[in-house]
Every structure is written in structure tokens, then in C-alpha cells.
Amino acid sequence: MRFVPLSLIVFKRMSRDLFTLFFAILFPAFFVFIFSMAFGKTGPMRNQRFDLAVVNRDEGVRVNFGAGPDTLRLGRALVGVLESLSYSRSSGWMSSDSSSSGLAGLDSLRFASRRPESAVFNVADTLQEAEALRKVSSGDYDAALMIPAGFTRAAMATAMQDATGRIFLGAVDRFSARSGSPGRKPTAAEIQNMIDDFARGPGKAQKKPGTSLDSLSLPSMKAAPATLRLAGDPSNLGFTMTGGIVKNVLDQFLKSVSRRSLEEAKEFLPAGLEPAGRDLVSLENSSVAVRTRTVFDYQVPGIIVFALLMLVSLVSVTLMLDLTQGHLERLKLTRMSTLDYFVGNTLPWLALSVVQLALLFGAAKLFGYHNVGSMFAGVGLVVLGSLSSIALALIVASMAKNEKQASIVSTMIAVPVSFLSGAFFPVRDVVILKDFFGHRLALTDLSPWTHTTRALVATLTFGKGFSAVRWDVLMQAILTVVLFLVGVLLFSRRRLTAQR
Amino acid sequence: MELRTENLTVSAVAARGLCKGYDRGPLAVDSLDLDIRQGEVFGLLGPNGAGKTTTIRMLLGLLRPTSGHAFIHGEEISTGRQSVKSKLGVCPQETVLWPELTVSEHLNLIGRMYDVPARKLRSDSERLIEEFSLGEKRHQPVKRLSGGLKRRLNLALALVHGPDVIMLDEPSAGLDPQSRALLWERITELTKDGRRTVILTTHSMEEADRLSHRVGILDHGKLLVLDAPDSLKRSIGEGDTLEIELDRAPSPDTLGTLREYGQVEYDAALPNTITIRGLDIMDRFPRIVQALAASTVVISNTRLRPNTLEDVFLKLTGRSLRDK
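Protein chains in written order, with our numbering: chain A, 1 to 500; chain B, 501 to 824.
Think of the hints as simulated: they come from the structure by calculation, not from any bench.
Fair warning: there could be bad hints in the mix.
With a straight-line cut-off of 35 Å between C-alpha atoms, the simulated DSBU-like cross-links for lysine-lysine are [what the hints assert, rightly or not]: (1) Lys-332(A) - Lys-637(B); (2) Lys-404(A) - Lys-620(B); (3) Lys-692(B) - Lys-332(A); (4) Lys-135(A) - Lys-332(A); (5) Lys-332(A) - Lys-733(B); (6) Lys-637(B) - Lys-620(B); (7) Lys-643(B) - Lys-404(A); (8) Lys-332(A) - Lys-620(B); (9) Lys-404(A) - Lys-332(A).
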């Protein structure tokens, strides 16, 4: 029964170190939060937005819905639907913004409750295909959607195929009823007569006053199939997610088109028949073949950032050891200035992180990292990231009571921050400011390591130049300076001056 | 309170009304006035918790006094000026060393932190390595050194920049007799030229007695006495000390009888022991034995010795245990 007093002692020690206990208790809860940010549905404002390039070659079709000839462009309508898609839970089914219904309203199809601040996609639809693919390849866009020239024709043909099929079946039923022999199937000649009647237009139904079905100009049901192509990097989680969403939107869009068409022809239809036509429109995913990347390629910069964040623990524990073993006191007795101490401690860690980058980069290459940018492009970013970590370590070492506490607290801060900085997977942002010097400012943007991650992905994995990461470098530098000033101030006041 | 400025410039180290209190407890150091002369070895003694370390830390500028001032060669220590720091050398009680650095690297590091010119640092380091018999180990990482070698290096580091005032906090704790002899020799040599001042805190009364020109005894944060060791010894009584151990505690009548033969000390903390001080105490020994036999107590043991600093210390601070 010796475990009872032992357990009591352990419990007492835990309860007397409230600082560590606080973090120990919060840690799992914080992880739940992080994963909810990454994968959960925590609200309309907390969503990841995907960058979608659309190359719309749809030529549309000439139609006359009774108000004169017009060109129906369903490609444009589809782009509008994608733009209007939002994370709002209360989003309605696709409907027209305008009061128009039936085929005439197809052009203005949108999701009912559009919420621009929580839009799913940032849609760019002014690009040429080559440029769109290049931007997908460089990571600017998660995917590129190519809408073919015959999209409207194929989509309408699918819808009209349903409609005319229903009309034809209705004619068969009526033939059976008229023939006085219910259930008798028409002969081939009788069927041909019915087709001819239909092609000429029965002239029995008045769609609108003064308009008959045979006076309408509708797309031919003999249109060629149209295939939309969604191009992206299969290893990019954003592409995978974009693909799933676009597929669902397209299915819903085509159903909506079909439903509108059936509305037009419903007076010709027998009751209870559902559309079951052949789908002439399909979506296929294709890989951007500029360079084959793996998920690992996206993770290597994240691992570098994670390593930088692990510096927090190393540095804070070292500083605490200096304190608890009397080294700092011995140095305080000398002529050492505050600046001497900080520079003297910072430089070796910076050197270490650069060496760490080289080793990590080398190992990553060994294990198949496909970098476009040179490792040297990342050195400056790593130095800035290291400074941020050292600054955080100074803050931890200013507050901690001993090296054990410093180690625990550092880990509990550094690991979640690495996840929130997008080191391992993209996280959904909580937008703080919609326009911050021309950029959207999210909660995670307040972490300098978020900018390190982004800039490293851009420079190392995609080989972009300084201009592409200018904003992230600037933000990283500003946040690092702020963090460093806080760290230096706290550490100086609490550790480097005479004790009170 | 008005600051007394006399002797500030002639004293190597001075304290004026130095106080330190923590929270609502009693003062750890209570209105300490002190003048330590240039060229002397000053022993600062006191039981555990008396306020020695607090005093030393305030004199080093590591601890901010609640009130009062401390000076080194007339310059206030709390300013933290680099000129003040250069005048001080410290050998802390714990060996504060970097386990991975060698002996030479330690001397080089600390010397450079005091801005000692490179050439002077090289020659001074060599001299200290020889003086403290560290030559064979100069390139060894400190983690491979014995405890005695580490303590010698600890002391050498306090001297590498040639300070005027050297504070040694229990420098001989844990040393073997050979190392202790070497250490005492070095400390004695330090003040030979009359330029350097050594402040020594120790629990070894023998060490304080042998090395110190003057001794201050501190208890409950107050300076109880400050004088040369011989003067202090004389102050508790001339002659020798006779310690008698009995089989049981003596009665008040017995103690009264014994007072006829000398100065009797009796402390309830050691109930079976009587200490009698006086001149020609051996001549009186037979009569003391007779007096004890008459009171039916039995003598277990007797010791005759000269007065020591320890006697002074115990007389002033008592025999009750501290740090309770």
C-alpha cells in the first residue's frame, strides 16, 4: 500500500505548481480547438477559403423563351453559383436572385443566402488556361476549373432529353388510351408517326398566351457530351477539398437546370415521372503536370517551422539552467551588459537553427523533397523565425520557476502554435480585419510563424521570389521585433537586475 | 535617516543602515553599519539564517536593500556601474562552473567578461593555474575534476581580473586538509601587499580565527560584535576553558558552588555539560571535582583547552539550533 502516500505526494506537488497544472489541463482542450479549426464546423466565420481559377470557354446556345432570341450561357451561371457558395448553415438551395423562373431564370442561378465574408471560393475567372495552370502549379490557386465550349449545349441537351423523353412517354400513354386497348405497345410505324408529330410540334399546348412549344427554339438533344476539367496538385489538400465541393455544386446545378426544363414541359408529362436522362455533362479531375508533388513537399516547410518552435523549449530551458545553476548570477557580477547577454545567447541559437535548416533540408531531399527554390532562399526566413522562437523563450524563461516548468510550458505553447501556424495542415481562419493594408488579417496572422510557414512554402516548395513573400516577411519581421522587445524587457526586469 | 559618510572613502567596503526584509517577516538584515578596511581579511560569522548571505548579496549588488546603502571604495554598489563590478571578485559557496568548459576556458571566459586585456589575461591565468595547482588539468572539462579542484578553480575565477575586494563565501567547505591548507595560504597571500581586501564567510571558527584580521558576528540580522579574534576571545574571559561532562544535569546548588572557581557557563541545550573559564583553572581542578562529588553527580569526561572563537560564537549566539 505504499502507492497511497506516493500518490498523495505526487498530487500535492502537482497542486502546488499551479502554473504547470494550468497548462497541463488546458493542453488537451487547446488541441481540440486546433483540430476543430482545421477540420470542424465551428461557425460561418471560421472557414478556409479555397482559391479557384476558372477558365470559362462556354459559348452558350441561342434560345428563345418567348421573349425573343437570346444566348443562354450556363458556364457563366455556374461561375456565379461557385462564387455565391458560402459556409453559412442556412444557405438555401440554388435559386434565382431574380423573380424569373423556368429556363429564363437559369442565367441568374445563385445560392440563396450568399454571405461574401464566408465564401467557400475566391474565384478568378479572367485567366487563360496556361496562366491558370501555372498559378495552380505555383500554389497561388488550389485548383483550375476548365469549362468547355459546349457546356451549355450539353447541359441543356441533358435537361431537354429528360423533358422530351417525358413528353414522348406521355404520347405513348395517350396513344394507348386512344387505341382502346390499354397496355398495347405501339408498332414501329406508329412510333415514327409520334416522333414526327413531336418534331413538328403538336401545337396542342399554349405555353404562354400567343406562344406554342413549336414556336420555341430549344437546343438540340443531339449535343455532344461536355467534360469539365478540374486541374490541381493531388497532394494539395486544398485541391482535394475543392474537387469534392465543385462536383457537388455541379450536380446540384445540373439538377436545377433539369428541373427548370421539366417545369417548361410539365403540361405534357404524365404525373409521377422523375427525370432519368443520360447525363451529357461530367466532371473529371486532372493533375497539374508541371511538377508532381507529394504531401511531404508541403510538409517540409512546416517541419522546419516546427523545429524552429522547438527552439523555444531548448532556449528557455538553457536560460533557466543558467539561472538555477548560478551561471547567470556569476555573469551578472562581471561587466557583462544586458545587450552582451542577449546577443551572446542569441547568436549561437541562430547559427544552430541555420545548421538545423541545412540538415533538415538535406534529410528532406534524401527522403524525396521536391523543392523548386534553393535552401538559401529560406535562410533569412529561418533566422527571423528563430528570433521569434528565442523571443518567446525569453518570455517563458522570465516567468518560469525552474527548467522543468520552462520545458513543459514551452512545449505546450510551441506545439499548438506550430499547428495554428499551418505547419502541418491548413487551418481555418478567424478573420479579425477584412482589410488590413490591403490584406485580410486572421487570428493566425498574429503568429510570426504563420508567416514563416507561408513564406517557406512559397520560396522552397514553389520557388517564388521575394516579391511573392514580401508581405509575409514584413509581418514576420514586425511581429518578431514586437515579441523580442517584450521578451527582452521581461527578462531584463525579472532576471538581470538586482533581486527585490 | 541621514547617511553617515565618514570613513566611506577609506573603507574598502562600507554599509550604512543596511536593511533587508521579506514580506511581513522579521528583517533578515537589520540596520547594519560596517566598515571593512582595505588590506584586511574580514571574517563574517553567524549561525545559519543569521543574515550573512543576505548581507553579502547586498554588498555584491545582487539583492536590492530595503533601505540603507553599501559602498565599495566610496562608490555606491547599487548603481551597478561597471567600475564597481571590476573592483569585486566573488567565490560563491556553490561551485558555479560550466561542466563542459575546461579550466583554461573558464579563466578566459571570466577574464574576458571583465575586459582583461588578452595578454594580461593569458599571463594571469597561467599564474593562477600554477598557484592553485591546476596545471595538469588545465585542458580538462570541469565535469571531470574532483570536488577539491573545482573549488580551487572557483576561487581562481574570483581573482582572474585582479579585484580590490574579494568575497569568499565558505571557500573551504568540502575541502580535504591539503586543499584547505593551500587555500588558506593563498588567502593569506592575497592581503600581504595591503591592497586587496578579503571578506570571508565561514562556519569554520578555526578558519576565521587563523585568517581574519577582524571578525564580525551576525545574528538575527544584527551585528553582535566586531573585533580582532584575540580580543573577542579575551572578552569572554581570561585563561582556559574546562569542559566537564556529567552523568546527569547538575542542580542549581551545584552550579552555584562551582561559580566560586571561575566563570561557569551552563546551557540547557547541553544539560549534562558544564563549562568553566578562568585563569589557572588546572590548579582549581581538584576542588572542582570534590565539589561535584559532594553533590553526588558523576563526572563522565573532562576537557581542558584555551578559549576559542567558537566559545565566543556560542556565547553570543547560544546553543539552540537555527533553521527550525
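These are the hints, each one checked on the structure:
{"no.": "1", "hint": "Lys-332(A) - Lys-637(B)", "verdict": "holds (27 Å)"}
{"no.": "2", "hint": "Lys-404(A) - Lys-620(B)", "verdict": "violated (41 Å)"}
{"no.": "3", "hint": "Lys-692(B) - Lys-332(A)", "verdict": "holds (29 Å)"}
{"no.": "4", "hint": "Lys-135(A) - Lys-332(A)", "verdict": "violated (55 Å)"}
{"no.": "5", "hint": "Lys-332(A) - Lys-733(B)", "verdict": "violated (39 Å)"}
{"no.": "6", "hint": "Lys-637(B) - Lys-620(B)", "verdict": "holds (21 Å)"}
{"no.": "7", "hint": "Lys-643(B) - Lys-404(A)", "verdict": "holds (22 Å)"}
{"no.": "8", "hint": "Lys-332(A) - Lys-620(B)", "verdict": "holds (22 Å)"}
{"no.": "9", "hint": "Lys-404(A) - Lys-332(A)", "verdict": "holds (23 Å)"}
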